[in-house]
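Protein sequence lines correspond, in order, to chains A and B. 239 is the number that this note's numbering gives to position 239 of the first sequence; each next residue is one higher, with no gaps. The number in this note's numbering is simply the position in the second sequence, starting from 1, with 568 added.
Don't take each hint at face value.
[What the hints assert, rightly or not] Simulated crosslink set (DSS-like; lysine-lysine; CA at most 27 angstroms straight-line):
| no. | chain 1 | residue 1 | chain 2 | residue 2 |
| --- | --- | --- | --- | --- |
| 1 | B | K577 | A | K229 |
| 2 | A | K201 | B | K606 |
| 3 | A | K43 | A | K72 |
| 4 | A | K264 | B | K638 |
| 5 | B | K606 | A | K165 |
| 6 | A | K165 | B | K607 |
| 7 | B | K638 | A | K412 |
| 8 | A | K323 | B | K606 |
[Claimed, not checked] Here's a subset of chain A near chain B, in silico, CB distances under 7 angstroms, partners left out:
| no. | residue |
| --- | --- |
| 9 | N88 |
| 10 | E180 |
| 11 | D197 |
| 12 | V200 |
Hint data in this document are derived by calculation from the structure and do not stem from the laboratory. Even glycine gets a Cβ: it sits at the ideal position worked out from N, Cα and C.
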Amino acid sequence: MKTLLMGNPNVGKSVIFSRLTGINVISSNYPGTTVGFTQGFMKIGGESAQVIDVPGTYTLEPACEAEEIASKFLEMGDVVINVVDATNLERNLYLTLELLEQDIPVVVALNLWDETRHRGIEIDLDRLRTLLEAPVIPTSGLTGQGIKDLVESITSARSSRRVQKSREERWGEVGRIVKEVQRLSHRHHRWFERLEDASVKPVGGFIMALAILASSFYVIRLIGESLIKFILDPLFQNIWKPYLMKLSGLLGSEGFFHGIFIGKLFEGTISFTQSFGLLSSGLYVPLAMVLPYIISFYFILGIIEDTGYLPRLAVLLDTTMHKLGLHGYAIIPTMLGFGCNVPAILATRVLESRRERFIASTLIAIAVPCTSSQAMIFGLLGKEGGRYIALVYLTLLIVWILLGFVLNRLMKGLSPELLIEIPPYRMPPIRLLVQKLWLRIRGFIIEAVPIILAAVMVINILFNFGIFGIIADVTSPLITGVLGLPKEAVVALILGFFRKDAALGMLALLTLTPKQLVVGSVFLTMSFPCIATFAVLFSELGVKNLIKSVALMITLAFSVGGLLNLIL
Amino acid sequence: MEKALTELKNNECGIIATIQGGRGVTDRLNALGIIPGKKVTNISSSPFHGPVTIQVDRTKIAIGYGMAEKIIVLAE
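Just need the whole structure built from these sequences, with the hints factored in.
Laid out in C-alpha cells, this is it:
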C-alpha cells in the first residue's frame with residue numbers, strides 16, 4: 001500500500017514524515033528542498049507500508065514544476081494523509097477540498113495542534129469531521145502527539161468522492177467551514193511576532209540580516225576553531241602521533257613504503273600538515289582541518305534553514321536580485337549552495353524560467369563556495385587572520401554581483417515577479433537538526449575522506465616516479481605565470497574537479513604565502529564545479545548551457561585569479 | 569476607494585476587488601488564498617519598488633511590485 005503525505009508548504013509535513021517512518025530525512029521550513037521526493041516505510045498493523053513525502057503544494061492545479069510533480073503522485077497512491085496547518089485553516093482547506101473530490105481515501109492530520117491554544121484558536125473537531133466527511137486527527141510533529149491515531153485511521157479511511165466544484169465554489173465552502181468550526185479569541189501580540197514583521201521591513205530587516213550574517217560567521221569560526229584546538233589536534237598530536245612514530249621506526253624512517261604511509265619527516269618527527277603520508281597528512285587534513293568546520297557550518301545552516309528566515313531574506317533582497325536577472329526567491333538556492341552546490345542547483349527548479357535557472361545555477365557554481373570549500377578556506381587562512389578570509393568572500397561576492405549583472409544584460413527575457421509565503425518563525429526541532437547534521441557529516445566522511453586519501457597516495461606515487469614534475473612543468477606558464485602559484489599547485493587544481501575540499505587540502509601542504517592562498521582559494525572556488533555539481537548542471541541545464549557555463553567558469557577563474565595576483 | 573495594493577500604507581487594510589492579470593498570475597495568487605472578497609493588510613512595502621508584504625487570513629505573503637500593482641483593493 002502506498003501512502004501519500006500531501007499538504008501546503010511550511011505545515012511541518014516533513015516532520016510528520018520522519019515521525020511516521022523513523023528514517024532520516026531532510027526537512028526544512030521552506031518550499032524547494034522536497035522537490036524530488038523522499039520515501040520511507042511505516043508499520044500498519046504489523047505490515048510494512050510505503051510512505052511518500054510529496055513536495056508541498058497549495059493546489060492540485062499546478063502552477064510550477066514542483067506542484068506538477070505533486071499532482072502526478074496522486075495517480076500512484078492508495079491513500080492520502082493530508083497535513084493541514086491548524087493555525088491557518090483558511091488557506092489549507094482549499095487543497096483538502098480538492099483532495100476530497102478525488103477518487104482516493106483521505107485522512108486529515110490537523111498539524112501544529114499544540115500551537116493553536118496560545119494563538120487563541122479553538123477548533124470544533126467533531127463539526128469539522130462531519131463537514132469534511134473524513135477522519136480528522138489532531139497532531140503535533142514536534143511532540144509526536146496523534147501520530148499513532150493517524151496510522152490507525154489510515155486503514156479505515158474511505159474515498160468520499162465529493163462533487164467536483166469550481167474554484168469560486170471551493171473558496172466559498174472553505175469560508176463557510178472555517179466560520180462554523182473555528183473560534184478566535186483575542187490575544188496580545190507576542191514579542192517575536194513583532195520580530196517576524198521587522199525582518200521584512202527595510203531598515204529593521206537590513207540590520208537583522210547583517211546581525212545574522214555576522215553572528216553566523218563568528219559562531220562558525222568559534223565552534224570550528226574550538227573543535228580543532230581542544231579536541232582534534234590534541235587527539236592527533238598526543239595519541240595518534242606516538243603510534244605513527246613507532247611505525248615510522250619499524251619502516252626504517254625512509255624508503256618507498258615509509259614515503260607512502262608516513263611521508264617525509266621534519267627534524268626527525270612527523271608534521272601533520274607537511275609530511276604528506278597516507279596515515280599522517282592524509283588523515284589529519286580531512287579529519288582535523290576540514291571536519292570541524294563541516295560540523296560548525298552545517299549546524300548553523302541547519303538552524304537558519306529551519307527557523308523560516310530565508311523567505312524573509314528573499315523579500316529583503318528582491319530589488320537587488322532583479323538587477324541580476326533573478327528575483328528574491330533565488331537567494332534560497334543560493335544560500336543552500338553554501339552547504340552544497342548540488343542540492344542548491346536542484347533547488348533552482350522552483351524558479352519559473354529557464355533563463356533564471358541558468359543565471360542562478362551558473363552564479364552558484366562560480367561564486368558560492370560549498371561547505372567543504374569554506375571549511376578549507378577557513379582552515380587555510382584562519383591562522384593568517386580574518387582579513388584574508390574576508391578578502392576571499394569579498395572577491396566572490398563582487399564576481400557574483402558583476403556576473404549576474406552582465407548575464408542579465410546579455411540574456412533575453414525579463415525576470416518574473418516574486419511571490420512567496422512568509423512562514424512564521426519556528427523553533428527548529430532539535431531532533432531533526434541533529435539528524436540532519438549527522439546525515440551531512442556521515443556524507444562527508446563516506447564521500448570525501450576516501451578521495452583525499454586516494455589523492456594523497458596517487459600524488460605520493462607520482463612524486464616518487466617523477467611524473468608529477470613533468471605535469472607541473474607543462475602547466476607552469478599558466479599556474480606560475482598567470483596565478484603566481486608554485487607549479488606543484490597544479491595537482492591541487494586538477495583534484496578540484498573531484499573534491500574542492502581535497503584540493504584545498506593539497507594547497508595546505510605546499511607552504512604558500514597568504515597572498516598565494518587567497519589566489520588559490522578564489523581560483524579553486526570559481527574554476528570548475530566538482531564532479532557531482534558538474535553532473536547536476538548537465539542534467540538541469542543540458543549540454544549546450546553546461547558548456548557555456550563551464551567556459552564562463554574557466555575564463556573567469558583565470559582572469560580573477562590573475563587580477564588578484566597582480567593587485568595584491 | 570479603489571486603489572492598487574502597492575498604494576496601501578503600512579497597517580492599512582483593504583478588500584480585494586479585482587486581479588487584473590492574465591490567467592497565470594491569477595492562478596498563482598488564488599492558490600495562496602489571494603482572491604476577490606478577501607481582506608488584506610499591508611505589513612510592509614520595500615523601497616525602490618520592491619516587494620509588498622501583506623497578510624491574508626493568517627498567512628503572510630510577499631508579492632513582487634509588478635504583480636502587486638495588478639491587485640486592486642477597496643481601501644477601508
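Against the structure, the hints:
Only pairs whose Cα atoms come within 27 angstroms are accepted, and B/K577 paired with A/K229 is rejected, the gap being roughly 53 angstroms. Taken as a hint, the A/K201 and B/K606 pair is honoured in the structure, with Cα atoms around 23 angstroms apart against an allowance of 27 angstroms. For the hint linking A/K43 to A/K72, the alpha-carbon distance of about 25 angstroms falls within 27 angstroms, and the restraint holds. Annotation: proposed proximity of A/K264 to B/K638 is violated, straight-line Cα distance about 70 angstroms (limit 27 angstroms).
Distance check on the hinted pair: B/K606 and A/K165 sit about 20 angstroms apart at the alpha-carbon level, within 27 angstroms; holds. As the CA atoms of A/K165 and B/K607 are separated by approximately 23 angstroms, the hinted pair is consistent with the 27 angstroms bound. For the suggested pair B/K638 and A/K412, the alpha carbons sit about 24 angstroms apart, so the restraint of at most 27 angstroms is met. Straight-line distance between C-alpha atoms of A/K323 and B/K606 comes to about 33 angstroms, which puts the hinted pair past the 27 angstroms bound.
The beta carbon of A/N88 is positioned within 7 angstroms of a beta carbon in chain B (closest approach about 4 angstroms), and the interface hint is therefore held. A distance limit of 7 angstroms between C-beta atoms decides the matter here; for A/E180 the minimum to chain B is near 16 angstroms, and the interface restraint is violated. Interface restraint check: A/D197 against chain B, minimum CB-CB distance 6 angstroms, threshold 7 angstroms, status holds. Checking A/V200 against chain B by beta carbon gives a least distance of about 5 angstroms; that is within 7 angstroms, so the hint holds.
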